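Spelled out, the chains give:
Protein chains: 4
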Amino acid sequence: MKTIVKKLKDMEFKSPILIEGLPGIGHVGKLVADHLVEELKAEKIIEIISPHFPPQVIVGEDGVARLVRNEIHAAKVDDKEFLILVGDFQSTTPEGHYEIAELVLDIAHEYNVKMIYTLGGYGIGHIVEKEEVMGAVNDPSLIEPLKEAGVEFRPNEPGGGIVGISGLLLGLAVERGIPAVCLMGVTPGYMIDPKGAKGVLKVLMRLLGIEVGTGKLDERAKEMEKVIAKLREMERAQLPPELSTRDEELRYIG
Amino acid sequence: MKTIVKKLKDMEFKSPILIEGLPGIGHVGKLVADHLVEELKAEKIIEIISPHFPPQVIVGEDGVARLVRNEIHAAKVDDKEFLILVGDFQSTTPEGHYEIAELVLDIAHEYNVKMIYTLGGYGIGHIVEKEEVMGAVNDPSLIEPLKEAGVEFRPNEPGGGIVGISGLLLGLAVERGIPAVCLMGVTPGYMIDPKGAKGVLKVLMRLLGIEVGTGKLDERAKEMEKVIAKLREMERAQLPPELSTRDEELRYIG
Amino acid sequence: MKTIVKKLKDMEFKSPILIEGLPGIGHVGKLVADHLVEELKAEKIIEIISPHFPPQVIVGEDGVARLVRNEIHAAKVDDKEFLILVGDFQSTTPEGHYEIAELVLDIAHEYNVKMIYTLGGYGIGHIVEKEEVMGAVNDPSLIEPLKEAGVEFRPNEPGGGIVGISGLLLGLAVERGIPAVCLMGVTPGYMIDPKGAKGVLKVLMRLLGIEVGTGKLDERAKEMEKVIAKLREMERAQLPPELSTRDEELRYIG
Amino acid sequence: MKTIVKKLKDMEFKSPILIEGLPGIGHVGKLVADHLVEELKAEKIIEIISPHFPPQVIVGEDGVARLVRNEIHAAKVDDKEFLILVGDFQSTTPEGHYEIAELVLDIAHEYNVKMIYTLGGYGIGHIVEKEEVMGAVNDPSLIEPLKEAGVEFRPNEPGGGIVGISGLLLGLAVERGIPAVCLMGVTPGYMIDPKGAKGVLKVLMRLLGIEVGTGKLDERAKEMEKVIAKLREMERAQLPPELSTRDEELRYIG
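Residue numbers (the working numbering), protein chains in the order written: chain D, 26 to 279; chain R, 26 to 279; chain G, 26 to 279; chain Z, 26 to 279.
Keep in mind that the hints are not guaranteed to be accurate.
For identical chains, the list gives no copy identity; a pair is met inside one copy or between any two copies.
As the list claims (entries may be wrong) - No farther apart than 20 Å at their CA atoms in a straight line, the calculated lysine to aspartate or glutamate pairs in the DMTMM-like style are these:
no., residue 1, residue 2
1, K101, E135
2, K139, D103
3, K227, D243
4, K27, E200
5, K255, E135
6, K31, E200
7, K220, D103
8, K255, D131
9, K172, E86
10, K66, E124
11, K101, E37
12, K220, E248
13, K139, E177
14, K27, E124
15, K31, E72
16, K34, E200
17, K27, D131
18, K255, E177
19, K251, E182
20, K139, E250
21, K241, E182
22, K227, D87
23, K247, E182
24, K39, E86
If you're looking for bench data, these hints aren't it; they were derived computationally from the structure.
Predicted model only: the values in this text are computed from it and were never measured.
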């Protein structure tokens with residue numbers, strides 16, 4: 026099976042800004058992007074389903090299951106256009122990461138995206154004293170305006186690089202001539218962090234020239250934690266390894 | 026090597042119901058589906074062998090080895106037609122899961138399947154007090170009749186989604202326009218559970234309008250446990266890691 | 026890169042017997058097959074190199090490195106013809122196992138192989154009191170002559186099936202109409218076992234109607250243990266995980 | 026996405042020597058090759074980006090992110106021509122290793138490379154008393170001149186073979202008729218080792234007939250250690266497993 030890009034709606038764009046927020050460290054990027062989708066009343070225009078995602082469906086409030094997926098939502102605020110990439114998962118393999126990132130850039134190219142913001146967390150392993158947002162770019166000319174918006178730059182940070190789609194979009198967008206920025210909220214890393222998300226959101230609002238409330242971020246973070254607590258509980262309810270030999274590769278829920 | 030679908034027998038169907046029960050949580054789905062194959066005297070019509078399954082043969086009572094595989098058995102009860110998907114394993118990789126699920130849906134499409142039931146367990150990590158069957162669907166209109174048959178629906182449950190083929194068939198069948206339901210027997214999860222299987226079987230009989238005995242489920246569960254105990258024993262008899270460097274990726278039995 | 030089959034020598038065969046002995050439980054199969062290659066003065070006719078094997082070279086006595094590989098050696102004893110499949114490794118992935126097995130069967134088909142013996146160990150996790158060889162077949166008619174040669178058959182044993190190429194060759198040879206037998210020497214499993222190998226060799230000699238000495242098996246096992254001890258030592262000398270982040274997927278020796 | 030070979034500059038070569046030094050045991054090979062690139066003022070002529078590398082960008086001193094990659098740098102010293110293969114990572118899968126090695130050999134073939142040196146470490150698990158460089162070759166005729174340059178050869182060493190690109194280049198270059206040597210600095214293995222690198226560099230200078238300072242090797246090793254310490258710190262700041270279920274395959278930094 027190949028990755029499928031389902032266009033749900035035809036919309037015209039001049040040169041939108043693409044914002045990516047998929048699950049990652051502290052779920053900071055996901056919190057911000059999901060929040061933007063809701064606050065900007067963005068409309069879902071694309072669904073991506075892919076064998077590179079886990080083989081899994083999510084069951085919604087109504088008992089209806091849907092494949093895990095990535096989605097692109099579109100919002101127009103005054104004369105500003107935004108495409109927001111959100112989703113349940115990133116890829117399960119390195120090769121899949123590269124493929125999905127390329128595919129997102131194909132879409133970006135098609136819609137004439139002029140700028141990409143990828144959102145993530147920067148884990149430091151302990152409580153964060155001061156709200157802080159670190160940046161990385163794929164072109165040096167992007168740094169100055171970011172600094173003015175309050176983004177921190179430290180040489181060679183993050184030392185471990187940026188892993189996953191937030192990093193790949195920066196690296197691969199160079200080949201397409203699309204400027205791209207990664208904003209990383211400094212976060213403990215070991216918890217879902219609405220505070221880190223707030224920091225990123227504030228900076229992003231300044232950069233995009235938009236304004237949205239931040240109140241619901243805490244609520245959203247709590248909901249995510251509940252989902253994750255459920256997952257944890259279910260995992261404890263799996264067959265112990267010695268009873269699951271014949272399906273050891275995956276923990277089947279259904 | 027590509028996945029191979031071997032048609033063993035040509036049979037005509039009007040619009041059969043496909044029932045999936047492959048290994049998973051508590052082996053609930055497998056117990057029910059294997060049971061149905063036997064009780065309905067279903068006939069094997071298709072074998073699926075695939076490099077996405079473990080590289081392994083199963084040795085039968087007679088000492089004859091056969092590749093691990095998935096199988097589709099067909100049964101006709103009065104004017105009702107059933108295709109039952111059973112097997113030794115699910116795929117070993119995410120990509121393989123998607124491929125096998127698509128392939129099963131190709132077969133479903135070819136045979137004009139009008140409805141899919143996937144069967145599984147819902148692990149809760151402790152003893153189950155009350156027989157209970159949870160449901161998920163790929164279309165909201167399917168919920169009401171399920172509730173009437175005693176299936177429980179709780180918002181966002183299972184929280185971890187449904188992993189493996191039971192989930193994927195629901196999610197991917199949407200694209201084919203085939204309604205699909207997942208029935209999950211609530212089960213401790215850490216043991217093979219004939220009680221959970223009985224719950225699912227009862228609900229399924231109500232939904233399908235058929236009747237089969239449930240007596241042999243306990244026996245079947247005991248047999249599965251014996252097989253798994255053997256596996257466990259053999260695993261303890263492997264080369265320790267430091268002596269198996271040159272074949273560390275797999276534990277070879279033969 | 027694709028798997029490469031290098032034919033080193035053209036030889037004519039009427040209908041040879043293929044014997045497989047790659048690394049596995051107790052290295053029983055490898056011990057016997059390597060021994061046969063030497064005792065029968067078999068000639069190497071084919072080398073198989075493949076991206077499904079570990080990315081590694083073996084350094085010989087002379088300091089010359091060669092890719093890890095599988096090899097087919099040919100021997101003629103009176104009017105009997107043997108092809109012996111030996112090698113350093115089995116595949117590193119399930120998909121690779123299926124591909125290599127199919128490729129070996131392509132070769133078997135080309136050379137008109139009339140019978141396949143795959144050799145392995147049957148690990149029981151404790152000292153073996155009595156020399157014993159278990160069997161599995163891909164056709165019931167093969168059992169009787171095996172029993173006469175002293176091979177044991179027990180219903181559903183090995184309970185875990187036969188994993189790796191020894192199993193797959195049996196299962197996939199059915200599709201080609203080639204009869205195939207797996208001989209498994211009962212072995213503790215946690216050590217390289219020349220005693221288990223002797224048992225298999227004796228049975229095999231009876232079945233093939235040939236005679237070779239067994240003396241060198243102990244010596245061969247000791248050599249293998251030395252190699253493995255070296256591997257163990259080198260592994261302990263790797264970068265600790267926290268210093269090897271950038272090459273964590275493999276332990277690089279070179 | 027396919028592996029991409031980006032030619033940055035067209036340069037003419039008669040028959041250069043290819044030197045490989047990617048991350049590995051004690052980072053010995055990487056230390057030496059990076060050092061040579063700087064000391065010989067080599068010019069980057071090729072960049073390789075590949076889905077077989079981790080899905081990751083590296084952030085430089087200036088805050089600019091770039092995809093992880095392999096690079097080939099070219100240097101001319103008098104009438105000598107060198108191509109030096111350096112980079113951030115080796116492949117993440119066995120199949121990827123073979124593909125990248127083949128691709129490097131395609132480039133070697135195109136530039137008429139007459140000789141390959143691959144550089145690595147030989148981990149012994151304890152402090153190294155005496156500077157020592159072990160060798161392996163892909164053709165016996167290469168051994169004598171190496172011995173004269175001080176390279177040690179011991180039968181069947183390294184016992185575990187040579188894993189990764191340093192080994193594969195030797196093994197696969199045979200098929201192309203390119204002589205290749207692997208030089209392994211004896212090293213504790215559990216630390217980044219500038220001393221082991223010095224040993225390799227000295228031998229290599231003798232073999233290549235060039236001279237470069239060794240002073241900066243210690244400095245370079247310290248820098249690498251800092252980067253790795255950062256990585257370690259960031260890893261400790263990740264979501265704990267039970268909070269990262271939905272992105273468990275990778276630890277996302279961005």
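Numbers of unmet hints, in rising order
5, 7, 8, 10, 13, 20, 21, 22 and 24
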